[in-house]
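Trainee: One letter stands for each residue in the lines below.
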Amino acid sequence: MKKKLVMFLTGVAAITFGMTAYAAGDDYTIALISQQIGIPYFETSNVWGMEAGEDLGCEVIYTGPTASDAASQANIVQDMITKGVDCIAISPLDASAIEPALKQAQEAGILVITWDSDVTDTSLRSVYVNAASYQTLGEHLGERFAEYMGGEGQYAIITSVLTSQANSEWARYATEYMEANFPDMERVAYEPCDDDQSKAYSITQNLMIAYPDLKGVLGVTTPAPPAAAQAVAEAGRNGEVVVTGVVEASVAKSYLEDGSMQEANIWHPGKLGYLAVYTAKTLLEGNEMTDDMEVPKVGTIDVEGDQVIMTEILDITAQNVNEFDF
Amino acid sequence: MIEKLKTKLTLNEIVLSGAFLFIFLIGIFSNENFLSIRNILSLFQQMSEMGIMAMGLTLVIITGGMDLSSGTTMGLCAVVSGLCLTHGIGLALTFAISLSVAVLCGILNGVLIAVVKIPPMIATLGTQMFFNGIALALSQGNSISGIPEKFYFLGQAKVAGVPLQMILLFAFAAILFIILKKKVIGQQIYSIGNNSKASLYSGIRTTRVILFVYIVCSVLCCFAGNIQVSRVATARADMGTSFLMICISAVVLGGTSIDGGNGGITGTVVGILIFAMIGNIMNLVGISPFWQQLATGSILVLVVVFNKTIEMQKYKIKSRKV
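The listed protein sequences derive, respectively, from chains S and U. So for the first sequence, numbering that gives the first Met the number 0 puts the first residue at 0; every next one is plus one. So for the second sequence, numbering that gives the first Met the number 0 puts the first residue at 0; every next one is plus one.
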């Protein structure tokens with residue numbers, strides 16, 4: 000027993016010392032904090048973020064809550080302040096719950112930037128690294144959806160909750176785009192699914208009954224397109240009712256492959272993580288991110304006010320879905 | 000019997016202090032910031048909510064019960080406070096309302112368990128969803144922000160450099176310690192855990208004691224909830240839900256038997272402290288939180304196995320002698 004215990008102690012001590020040695024070196028330390036670790040979307044950001052760290056010669060610590068828990072994300076920020084990182088790049092799980100912790104970071108003289116999603120009080124961070132402006136993504140969603148619809152017919156949009164700014168803006172720009180370019184398209188419904196996949200599923204079922212001529216469902220929140228595709232497939236109407244929208248490749252894969260969903264439109268979460276680290280490093284060096292700047296591996300970016308915008312949106316179909324690992 | 004109990008407790012305490020010291024040493028050697036006053040204080044600030052909730056659970060578990068609803072009670076109280084505060088209700092009244100909700104939650108649990116005689120696991124599994132449902136309905140699933148700054152004192156203020164919730168944590172620990180060790184009701188709590196039927200026949204009003212225990216647990220969850228609301232300036236229905244399993248683990252790690260009848264507050268506080276230190280050290284060193292769960296899990300299993308082995312060996316030796 001004693002022997003085993005000693006062996007265990009030595010083992011843990013060795014690991015710890017090993018980690019300490021590993022953590023040393025490099026100039027800047029950037030904490031890349033996601034909303035939740037272990038989910039494909041953010042793991043892609045992790046991989047690319049780490050790659051950015053290697054490319055740019057700075058140390059990147061990727062971390063985040065193991066469960067969707069806003070308070071534990073605040074704890075992580077506090078520990079990062081204690082650790083003395085140079086920059087905290089965070090995707091806030093809750094736009095306001097993180098603010099007291101970010102205030103502490105700011106007081107400690109740490110550069111704070113947000114990526115993926117923003118905080119309510121924007122004075123707490125230097126810049127927000129955004130995937131795409133509302134208008135770009137909204138119009139892109141509308142354009143791709145209309146193409147599959149053939150530019151005519153009745154369609155419905157499923158959103159998250161009516162109060163969600165991002166989702167509402169995407170839906171608004173998509174609708175406006177289609178109204179302006181395809182007068183033969185008619186929006187018959189605009190329904191909130193509360194980000195609940197089963198609710199989005201029954202909404203789609205009901206819509207297909209209420210509007211027998213329904214030709215398409217556009218989901219502007221991630222649970223909506225797979226749910227709509229499932230309902231369409233079960234009604235045996237693959238292809239007759241078009242389904243596209245914002246959804247991760249890993250979730251969309253099976254629906255794209257069985258033909259119940261035509262396309263998934265989303266930004267690349269890995270490039271977003273890369274850009275977050277790139278932005279952090281640039282700002283730490285005292286330089287600025289400028290409009291139309293060429294960022295290696297990410298592409299041309301836009302800068303609007305205090306937002307760094309990646310803009311590129313992926314069109315994921317059954318043909319290329321296997322190229323994406325998120 | 001008393002002799003045996005005494006030695007068993009001490010052994011448990013030795014193992015626990017050993018684990019504590021071991022992790023503490025790792026902390027000191029792995030990061031120079033670990034021992035800084037700033038980090039120690041923020042460590043206590045972070046663990047207070049969990050610690051306060053785990054202390055309530057300790058009482059419940061000593062009676063041989065279980066409160067699976069403690070996490071959602073915390074979320075419900077947080078949402079209630081958040082709504083009161085954002086609707087312009089004063090601090091004192093907000094606390095009063097939030098505490099009344101907690102007391103009601105405790106009474107409901109207590110009545111289901113002590114009066115209706117539903118097994119604690121099942122009763123609190125039901126109320127767990129029930130409370131969470133109310134919290135979700137009240138908050139409509141949104142997070143409530145815009146908490147007035149005057150409320151920040153509970154989770155962000157410092158008294159003579161010490162975070163207020165740390166003082167609360169130790170105050171509650173002291174009160175519960177005295178109740179358990181020095182008061183009659185404390186002895187009754189242990190005796191119900193050892194044998195509830197015998198306790199009843201020996202004249203203990205078990206229903207009352209059980210009600211008391213569940214109410215105390217809910218009230219402590221309410222404090223934890225309010226502290227967290229104040230600390231992050233936001234109220235959410237899902238607050239506390241991730242605490243439940245960690246708190247139960249800490250109670251067990253702290254030497255409280257899951258079957259009831261023995262254990263104590265000190266062990267639980269040390270247990271929570273161990274878990275909080277693991278998380279803190281890993282964050283400071285920069286190790287992925289995945290390993291955090293692994294480390295936490297292994298420490299729990301190791302300490303429990305260690306305890307059990309020692310107990311078994313002692314038992315073997317004794318029975319051989321006989």
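Hints in this document: simulated from the structure, not taken from any laboratory. A portion of the hints provided could be inaccurate.
[What the hints assert, rightly or not] Label pairs and their computed distance ranges (CB to CB):
{"no.": "1", "chain 1": "S", "residue 1": "Ala-209", "chain 2": "U", "residue 2": "Met-244", "range": "38 to 46 Å"}
{"no.": "2", "chain 1": "S", "residue 1": "Pro-39", "chain 2": "U", "residue 2": "Glu-310", "range": "40 to 48 Å"}
{"no.": "3", "chain 1": "S", "residue 1": "Glu-168", "chain 2": "U", "residue 2": "Leu-40", "range": "37 to 45 Å"}
{"no.": "4", "chain 1": "U", "residue 1": "Phe-152", "chain 2": "S", "residue 2": "Asn-286", "range": "35 to 43 Å"}
{"no.": "5", "chain 1": "S", "residue 1": "Ser-116", "chain 2": "U", "residue 2": "Met-120", "range": "31 to 39 Å"}
{"no.": "6", "chain 1": "U", "residue 1": "Leu-10", "chain 2": "S", "residue 2": "Gly-37", "range": "35 to 43 Å"}
{"no.": "7", "chain 1": "U", "residue 1": "Ala-136", "chain 2": "S", "residue 2": "Asp-257", "range": "53 to 61 Å"}
{"no.": "8", "chain 1": "S", "residue 1": "Ser-67", "chain 2": "U", "residue 2": "Phe-152", "range": "44 to 52 Å"}
{"no.": "9", "chain 1": "U", "residue 1": "Leu-40", "chain 2": "S", "residue 2": "Tyr-147", "range": "28 to 36 Å"}
{"no.": "10", "chain 1": "U", "residue 1": "Gln-312", "chain 2": "S", "residue 2": "Asn-321", "range": "53 to 61 Å"}
{"no.": "11", "chain 1": "U", "residue 1": "Thr-308", "chain 2": "S", "residue 2": "Asn-321", "range": "27 to 35 Å"}
{"no.": "12", "chain 1": "S", "residue 1": "Gly-304", "chain 2": "U", "residue 2": "Gly-87", "range": "31 to 39 Å"}
{"no.": "13", "chain 1": "S", "residue 1": "Asp-183", "chain 2": "U", "residue 2": "Gln-139", "range": "53 to 61 Å"}
[What the hints assert, rightly or not] If you only want the chain U side, here are some residues facing chain S, beta carbon under 7 Å, derived:
{"no.": "14", "residue": "Asn-32"}
{"no.": "15", "residue": "Ser-41"}
{"no.": "16", "residue": "Thr-85"}
{"no.": "17", "residue": "Gln-186"}
{"no.": "18", "residue": "Ser-190"}
{"no.": "19", "residue": "Ser-201"}
{"no.": "20", "residue": "Thr-205"}
{"no.": "21", "residue": "Thr-206"}
{"no.": "22", "residue": "Gln-227"}
{"no.": "23", "residue": "Ala-232"}
{"no.": "24", "residue": "Ser-241"}
{"no.": "25", "residue": "Asn-279"}
{"no.": "26", "residue": "Leu-283"}
{"no.": "27", "residue": "Gly-285"}
This one's a predicted model, so the numbers in the text were calculated from it and none came from an experiment. Think of the CB as a built atom: it goes at the ideal place given N, C-alpha and C, for glycine as much as any other residue.
Trainee: What hints, given by number in increasing order, does this structure fail?
Mentor: When the structure is compared with the hints, numbers 7, 8, 9, 11, 13, 16, 17, 18, 19, 20 and 21 turn out to be violated.
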